[in-house]
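Make one complex out of these two single chains by using the hints.
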Amino acid sequence: MATPNTPLWEVFIRSRNGLAHKHVGSLHASDATMALQAARDIYTRRGEGLSIWVVPSTAITASDPAEKAMMFEPAESKIYRHPTFYEVPEEVGHM
Amino acid sequence: MYTQALNTAEADDRSLEDAGRAAQFQARIDAEERIEPNDWMPAAYRKTLTRQISQHAHSEIVGMLPEGNWITRAPSLRRKAALLAKVQDECGHGLYLYAAAETLGTSREELVDAMLAGKAKYSSIFNYPTLTWADIGTIGWLVDGAAIMNQIPLCRCSYGPYARAMIRVCKEESFHQRQGYEIMLTLCRGSDEQKAMAQDALDRWWWPVLMMFGPPDATSQHSDTSTKWKIKRFSNDELRQKFVDATVPQAQYLGLTIPDPGMIQDAEGHWRYSEIDWTEFKQVLAGNGPCNRDRMAARRKSHDEGAWVREAAAVYAAKRQARQTAQAAE
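Protein chains in written order, with the UniProt record's numbering: chain G, 1 to 95; chain E, 1 to 330.
Pulled out of the complex, with its shape left as it was, chain E reads as follows (with noise of 0.2 Å):
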C-alpha cells in the first residue's frame, strides 16, 4: 500500500515538475526568446516541428523534380541558366531545412527513409505536372510566390535553427519568384499562342496554389498549438487572402485572367475568390494527384542509384583514417 502510494506521489511529483518547465517554456516564447536545440522543450513542440521541417525540406527537394524537367527544353541559355541555379537552390534550402530538422533529434537519413516509405509528406503543388514552358514561369511567380508568404512570418518562428534557415531561404527565393514572373511578362508580350500557353498555365495552377496554404482554418488541425507555441504566425485563411490581394494585380498587369469568374473586390479592396475544391486536395494528398506516383518513383530511383556514392565515400574515409591511424602509430 505504501509502495503505491510512494509511486503516486513521485509521478505527481514529475507531472509537476513538467508541468513547471512547460510553464516556464511557453513564458519564453511569449517573451519572443528563441528556443535552440539543447533547450528543454515539450516533447509534442519537438514532435511537431520535426514533422513540419522535415516535410518542409522534402517539399524542396520534390519541388526539383518538376522543373528540372524543363533544363535541358529551356527556351535561351540565359533562360537555361537562371533555372539551373534556381533548381541548385532549392536542392541547397533541403539541406539548410534537413540541418535545421536533425537538430531536434532525428537524423537525415532516419527523415529521408521516412519520405521515400511514403510515411512523411511533402507539398501537394509538386504533384501536378509541368506541361509547358509557361509552368515554369508559373511556378516561379506563384508556387514560389505563395511560398514565400508562407515562408516570411517563420523567419520569426520560436525555433532558432528553422528561423535561422528560413532567413537564407527566403532571400534566395525573391530571385526565384522574379524569375519567374518574368518568363510569363514575356510570354504575354509574345505570340497569341505563347499568350495563350501563359493562360492556360495560369488555368491549371491558380487553385492548386491557393491550396498550398492549406485548410481553411476552421478545419486546420495543428493551428492552435503552432500558434501558441509561435510556430505560425498568421492563419492559413489569412495567408492566402495575403496571396490573392498580392497576385491579382500582376496577372492584371500581365494581361491573363485569373480562373476564378466569382471573385469580387470587396469594399476593403480584398480579392474575394470562390469556394476552393478541397475534395481535390485532399485526393492529390492522398496520393491520388496527377504525378504522385512518379515523384516518388524519381526519389527511390536517385536515391537507390546514389547508394553507391556515399558507400563509396564513407569506406575511403575509413580507409584514409585507418592509414592516419597507422602512421601516427609508427
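Next comes chain G alone, as it looks inside the complex (with noise of 0.2 Å):
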C-alpha cells in the first residue's frame, strides 16, 4: 500500500507563564494526538515550555510577502498614530 505523506503541523510554544505562544517550527504527524507528542520530544527536550499548540499548516492562511507594499501601506503614511507626533512642551515633563 502506498502510504501518502505525513500530514505537516506548525507549533508553537508558550515558554513561560505571562508569555504568548510563539512559533518555533514544524513536524510531521498523522493526527493531533501524535502531533502533540512529536512537538514534546522535538521541541521541549530541556523544559522549554508550559504549553504546546500545534496546528495543521494547510490551515494556515499567510499574507504574500510580494505584496507587502500594498498589504501594509495604510499604516505607512499615519504617522499620527504615534505618540511622537504630537508636541508636548518640555515643561510638562514626561507625559
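Hints were generated in silico from the structure; no laboratory data involved. Glycine residues also receive a C-beta, built at the ideal position from the N, C-alpha and C atoms. There's no promise every hint is true.
[Unchecked claim] To give an idea of the chain G side of the interface with chain E (calculated C-beta under 10 Å), a few residues:
hint, residue
1, Thr6
2, Pro7
3, Gly25
4, Leu27
5, Asp31
6, Ala38
7, Ile42
8, Tyr43
9, Arg45
10, Arg46
11, Gly47
12, Leu50
13, Ala62
14, Ser63
15, Asp64
16, Ala66
[Said to hold, decoys possible] Label pairs and their in silico Cβ distance ranges:
hint, chain 1, residue 1, chain 2, residue 2, range
17, E, Arg46, G, Ala20, 55 to 61 Å
18, E, Gly68, G, Glu76, 31 to 37 Å
19, E, Tyr253, G, Gln37, 54 to 60 Å
20, G, Glu76, E, Asp277, 58 to 64 Å
21, G, Glu76, E, Ala307, 50 to 56 Å
22, G, Thr33, E, Asp245, 47 to 53 Å
23, G, Gln37, E, Thr279, 46 to 52 Å
24, G, Glu48, E, His303, 26 to 32 Å
What follows is the structure in C-alpha cells.
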C-alpha cells in the first residue's frame, strides 16, 4: 500500500507563564495526538515549554510577501498614530 | 517572421524581469535581510540550499548510528543517560533540518528517499567505525567540536528557516562537545591502558575530522556562489584553521599527542598542520569508506521496518477522520 505523505503541523510553545505561544518550527504527524507528543519530544527536551499548540500547516493563511508594500501601506502614512507625532512642551514633563 | 520576433522579445522580457528580481534578491542579501520560504529566490539558491540542508539532516540521522552502537555498552549509568540524550538530540536536529529543507518545496519523504537510494550524501565522518569507548569521547570532543565550528556561522545564514534551525542546534550541541571532552579527560586521568585507548582514538579520528571542513578553498566547487548568497560566511580552510587552533591546547591539556609530527606553531600563533590526504576523503565520499555499506544498510533496514508504523498511523487517522465526518452528518 502506498502511504500518503504524513501531514505537516506548525508548533507553537508558551515558554513561560504570562508569555504568548510562539512559533518554534514544524513537524510531521498523522494526527493531532501524535503531533502533540512529537512536539514535546522534538521541541521541549530541555523544559522549554509550559504549553504546546499544534496547528495543521494547511490551516494557515499567509499574506503574500510580494504584496507587502500594498498590504501594509495604510499604516505607513499614518504617523499620527504614534505618540511622538504630538508636541508636548518640555515644562509639562514626561507624559 | 513576426511571430518569431515577438517570441524573442517576450523571452528577453522574461530574462530581464528575472535579472531585475535577481538583482533585488542580491540587494536584500547584501543588506543582511533574511530570505523566507514564500519570498522570490533564484532557482539555483533554492537548489543549493535544498541540497545543503537535506545533506545536513541526513548527516544528523546517520550520525546516530556510530554512537548508538555504544549506548548499551556505556561504562556507567551516568554516561549511558548522557549518550542516550545526545543521540536523541541528533535525531531532533535531523528533524529540525528536514523541516527547514522542506520549506523550499521538496517533501521530507522525497528527501529521505533520495538518501536511501544513495543519491544524496551525508557527512563522510560517519563512515568511520566506533571501535572503543574512547571513540565516543573523541566524537563528542572533535566531531561535534568541528560541527559547532561549521554551524555557528550558519546561524547567520541568509535563509531564515535554516538560520533558525541552526540556532537551536548550536544551543544543544555545546553539551555534546563538553560530555565528549569529559570522557576523554576521565580516560586520560585513568590507567595507562585507558590513556592509550584515548590516544588511539585521537590517532584514528584526527585526519577524518579535519576533512569534515571540506576540500581546500582552491578546489571547493560550491563556495563562490554560497559566499555571495551568504549561505557560507567563512571558507573551508578558515574554519579548519580555527578548529585546529582551538583544539591543540585542549589536546595538550589532556596530555595527548596530535598525530601530525609536522605540525608547527607559526609566528602569529596559528598551528600549521601537514598536508591532508584528500584521496582518502574522495574514497570515502565515493562510498568506499570503512562503514559506508553498513550505514546505508542500517538506514534502509530501519526505514523498511518502520513502514508498518507509518501505514498504521495513516490508516488510523483516516478512520478517525471518517468517523468524525459521519458523526457530523448525523
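Do the hints match the structure? See the list:
no. : hint                             : result
1   : Thr6                             : holds, 7 Å
2   : Pro7                             : holds, 8 Å
3   : Gly25                            : holds, 6 Å
4   : Leu27                            : holds, 7 Å
5   : Asp31                            : holds, 4 Å
6   : Ala38                            : holds, 8 Å
7   : Ile42                            : holds, 5 Å
8   : Tyr43                            : holds, 8 Å
9   : Arg45                            : holds, 7 Å
10  : Arg46                            : holds, 8 Å
11  : Gly47                            : violated, 13 Å
12  : Leu50                            : violated, 18 Å
13  : Ala62                            : holds, 7 Å
14  : Ser63                            : holds, 9 Å
15  : Asp64                            : holds, 7 Å
16  : Ala66                            : holds, 7 Å
17  : Arg46(E) / Ala20(G): 55 to 61 Å  : violated, 32 Å
18  : Gly68(E) / Glu76(G): 31 to 37 Å  : violated, 54 Å
19  : Tyr253(E) / Gln37(G): 54 to 60 Å : violated, 43 Å
20  : Glu76(G) / Asp277(E): 58 to 64 Å : holds, 60 Å
21  : Glu76(G) / Ala307(E): 50 to 56 Å : holds, 53 Å
22  : Thr33(G) / Asp245(E): 47 to 53 Å : holds, 50 Å
23  : Gln37(G) / Thr279(E): 46 to 52 Å : holds, 47 Å
24  : Glu48(G) / His303(E): 26 to 32 Å : holds, 29 Å
The structure shown violates the earlier hints numbered 11, 12, 17, 18, 19.
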